[in-house]
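Asker: Hey, can you work out the whole structure from these sequences and the hints?
Top line first, the protein sequences correspond to chains R and H.
Per my numbering, the very first residue in the first sequence carries number 1; after that it's consecutive.
Per my numbering, the very first residue in the second sequence carries number 656; after that it's consecutive.
Warning: the hint list may mix true and false statements.
[Claimed, not checked] For lysine-lysine, the following DSS-like pairs were computed, each having C-alpha atoms within a straight-line distance of at most 25 Å:
id: 1; chain 1: R; residue 1: LYS36; chain 2: H; residue 2: LYS792
id: 2; chain 1: R; residue 1: LYS635; chain 2: R; residue 2: LYS479
id: 3; chain 1: R; residue 1: LYS607; chain 2: R; residue 2: LYS635
id: 4; chain 1: H; residue 1: LYS807; chain 2: R; residue 2: LYS36
Derived by calculation from the structure, the hints in this document are not laboratory data.
Quick caveat, the model's predicted, so the values are computed rather than measured.
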Amino acid sequence: MPTQANDAALDGLHTFPRLLFHHARVRPGAPAMREKHLGIWQTWTWSDVAERVRALACGLASLGFKRGDNLAIIGDNRPHLYMMMTAVQCLGGVPVPLYQDAVAGEMLFVLQDAGVRFAVVEDQEQVDKMLEVMGELDTLAHIIYDDPRGMRHYTQPFLHDIHELMEMGRIHDRNHPDFLNAEIEQGHFDDTSVMLYTSGTTGKPKGVCQTHAAFIAAAQGGIAVDKMSADGDILSYLPMAWVGDHLFSFAQAMVAGFTINCPESAETVMTDLREIGPTYYFAPPRVFESLLTSVMIRMEDAGKLKYKLFHHFMDVAKRCGGDILDGKPVSAGDRFQYWLGNLTTYGPLRNVLGMSRIKVAYTAGAAIGPELFAFYRSIGINLKQLYGQTETCAYVCLQPDGQVKSDTVGAPAPGVEIKIADNGEVLVKGPMLLKEYYKRPEATAETINAEGWFMTGDAGFIDEDGHLKIIDRAKDVGKLTSGAMFAPNYIENKLKFFQYVKEAVCFGHDRDQVCAFINIDMGAVGNWAERRNIAYSGYTDLAGKAQVLELIQTCIEEVNAGLAHDAMVADSQIHRFLVLHKELDPDDDELTRTRKVRRNFIAEKYKVLIDALYEGKATQYIETEVKFEDGRRGKVAADLSIVDVKTFPIAKKAA
Amino acid sequence: MSRKIGDVILDLQNISLRFGGVKALTDISFNIREHEVRAIIGPNGAGKSSMLNVINGVYHPQDGKIFYRGAERKKMEPHMAASTGIARTFQNIGLFKGMSVLDNIMTGRTLKMKSNLLLQALWFGPARSEELAHRRKVEEIIDFLEIQHIRKTPVGRLPYGLQKRVDLGRALAMEPQILLLDEPMAGMNVEEKQDMCRFILDVNDQFGTTIVLIEHDMGVVMDISDRVVVLDYGKKIGDGLPDEVRSNPEVIRAYLGAGH
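Answerer: In structure tokens, the structure reads:
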């Protein structure tokens with residue numbers, strides 16, 4: 001596709017190796033990578049990196065690495081492993097990063113599928129894994145390791161220390177000074193630059209082949225939206241095999257020329273975050289949540305004055321912080337208060353979190369609670385969401401500054417086209433689409449339709465501001481008898497944002513209204529009950545208390561009120577609910593091991609409850625067998641009350 | 656394993672130790688070879704810790720001779736043991752609770768610091784470059800023991816298993832030739848024990864340090880030691896390779912009681 005390369009081809013910088021050597025020319029002394037070693041941050045400048053990449057590439061070539069070969073990269077985020085990516089690309093090979101915490105058996109499939117001839121690994125642990133699978137992997141010819149610790153007694157001739165490889169490369173480079181430049185010249189923007197394997201939750205993992213042009217286009221788009229420059233810093237701590245890390249820590253860093261910082265070890269990430277103070281940060285919602293929790297717990301222990309100050313100014317921030325960040329009009333009084341708060345509270349807080357210098361932070365991967373999202377924005381951290389998948393270089397939608405909403409994933413990114421199919425599925429087109437699935441033309445044909453649209457498998461719609469709102473997996477979306485769309489996950493997520501609700505299961509497909517099962521959160525509701533002197537004996541007892549039902553009812557009514565404002569899902573307001581007498585549990589097959597609701601199984605197991613919900617009964621007796629952790633079985637029985645919930649008239653907006 | 660067990664580095668001959676009328680050790684002889692992992696085992700009160708204390712000069716046996724690298728060792732104090740390259744860890748962890756992990760391990764370097772107190776206090780001239788060199792060594796140990804994440808944490812706030820690791824780190828900071836470990840794995844869970852075993856073997860393998868350890872966990876002892884000496888009521892009842900010791904009837908009796 002010639003259009004792909006239009007942007008990338010400026011100055012001929014349309015492959016990553018060209019970009020690297022460009023930076024080495026333009027900003028040779030600027031830091032490209034940092035890593036903490038023996039307690040001190042070590043810096044590699046762009047010219048250092050270029051020299052090492054040259055040495056690595058020539059070293060690989062002298063080991064017999066050929067154009068088109070695949071090379072596995074396995075390890076934590078280390079500078080040498082990032083350099084290896086570019087070194088491989090210089091020679092026209094394809095790096096294949098793997099998740100480093102997988103056991104050898106799990107890696108075998110990917111290694112065989114990709115037919116890797118070379119593996120570059122971090123340390124002895126990973127070398128051992130390679131040795132374990134080597135018997136079943138006849139293609140693997142060379143293993144290169146970064147950290148020599150514990151490797152003294154390994155004498156196999158196919159094992160190479162990465163420093164030895166570089167020495168070999170330097171000699172090779174001296175003897176054939178034109179070799180590498182010629183190789184780089186041959187690189188084309190339409191070559192596969194990296195192969196990232198999908199996690200394979202459904203079926204075997206598939207190798208997603210992405211081209212230089214795709215990742216460069218995705219990186220350029222993101223950089224333009226967030227106005228990123230070469231003087232930024234990012235902390236690279238998420239797995240290298242994940243598309244997000246490849247986009248932020250590799251592609252964007254290469255295009256914009258900012259610095260990537262590798263933490264000392266997985267345990268030190270939080271300390272390293274504070275020391276580096278990145279300008280650009282990515283974390284999944286759970287990280288932001290645990291950070292907030294630790295702040296709140298420490299505030300509880302703080303002195304009275306600090307406690308009061310904190311809560312006063314957090315109220316101020318809640319009122320106007322988000323608006324100030326978005327550049328919306330705010331009264332002078334609030335502005336002054338916020339300024340004071342920034343001096344005494346928000347500034348120090350951002351500093352403690354290691355977020356003083358953050359220009360933009362992203363979260364993705366799961367729904368983020370609106371309160372959590374608002375908290376970070378209100379204290380002046382520009383937290384935003386994005387949407388994308390491995391097949392789209394993690395680049396489909398971005399929230400532009402000033403238009404950030406907690407429940408959408410933002411507007412289509414520059415160069416990306418979005419369309420909603422008739423069944424509600426989100427379709428995507430743009431320069432960042434995958435080239436193909438490795439050796440799986442039938443899978444490629446299945447995900448990219450005849451008109452070139454990539455089918456994401458997610459259901460969503462575009463709201464009045466043109467922002468994409470993801471509601472569910474397309475296959476889970478059903479219809480009410482009225483014909484309105486019913487997206488169970490979307491409603492359940494809204495319910496689960498309440499701390500009192502642990503799990504929720506909504507029903508509504510082929511029915512006239514939506515009803516729900518609720519699991520209360522034993523910790524949060526138990527605490528709530530204790531503060532009100534409500535005595536209870538256990539989960540079943542607590543779940544049946546009239547006050548608890550009222551509490552849950554108010555939560556659901558709040559959700560209904562919210563749904564009423566959303567034309568697409570307004571019909572999905574919950575009419576009736578009950579609180580289950582037992583917690584849904586993977587041991588009873590009600591949840592998957594990753595704690596996802598197994599909807600159909602639950603619908604069958606609790607059929608009498610569903611019937612009771614839809615027949616309008618006020619109570620229903622149920623007896624359920626449960627498995628205990630030690631394998632014994634028991635029975636839980638209860639009379640469950642079914643509660644009617646207030647629904648709200650649909651707020652019609654002038655479209 | 657490619658490491659070579661060398662000559663006898665420490666030879667204990669007919670050691671007897673009494674506290675008043677209590678005989679702690681009676682006529683015990685055994686030796687320790689360079690680069691080996693030597694375990695001392697025995698039931699409670701067998702005299703294992705006393706034996707370690709004799710080796711590093713805390714106790715002075717009434718009878719017997721100790722040869723260190725071929726030369727007879729006369730009466731000596733613990734600091735002399737330290738300066739001749741014998742380091743130890745303690746059963747009940749003797750770390751400075753209020754100090755950080757880094758500082759605790761730094762104390763292990765004290766003997767190696769040459770510049771005078773005043774210069775050290777002013778962090779001036781040779782003291783400065785010296786401290787930087789020591790700090791580097793300490794950082795290498797932190798890296799080796801994989802405790803980067805607690806570098807600046809006060810030791811008192813750490814869980815027991817990690818404190819034990821810091822204790823080992825401080826002993827390693829002395830770059831000892833013989834490392835005495837008094838129950839390095841007491842009170843640890845299985846995972847922590849595995850980690851500790853790995854560190855002990857790594858120390859032995861990478862730095863060639865001779866290791867003498869007291870340990871109750873038989874599985875651990877049999878796994879990692881080259882030779883085992885067994886004490887009971889202050890007497891030596893067994894000495895040899897782990898397998899020999901395991902099948903020694905007297906050792907079995909001491910551990911399981913008569914009648915088995």
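Asker: So, for every hint listed, does it hold in this structure?
Answerer: Quick rundown of the hints versus the structure:
1. Of the supplied pair hints, the one linking LYS36 of chain R and LYS792 of chain H holds, its CA atoms being roughly 16 Å apart against a limit of 25 Å.
2. Of the supplied pair hints, the one linking LYS635 of chain R and LYS479 of chain R is violated, its CA atoms being roughly 35 Å apart against a limit of 25 Å.
3. The hinted pair formed by LYS607 of chain R and LYS635 of chain R meets the criterion: a straight-line CA distance of about 17 Å does not exceed 25 Å.
4. A hinted pair counts as satisfied when its Cα atoms are at most 25 Å apart, and LYS807 of chain H with LYS36 of chain R qualifies at roughly 15 Å.
Figure legend: structure checked against the earlier numbered hints; the only hint not met is number 2.
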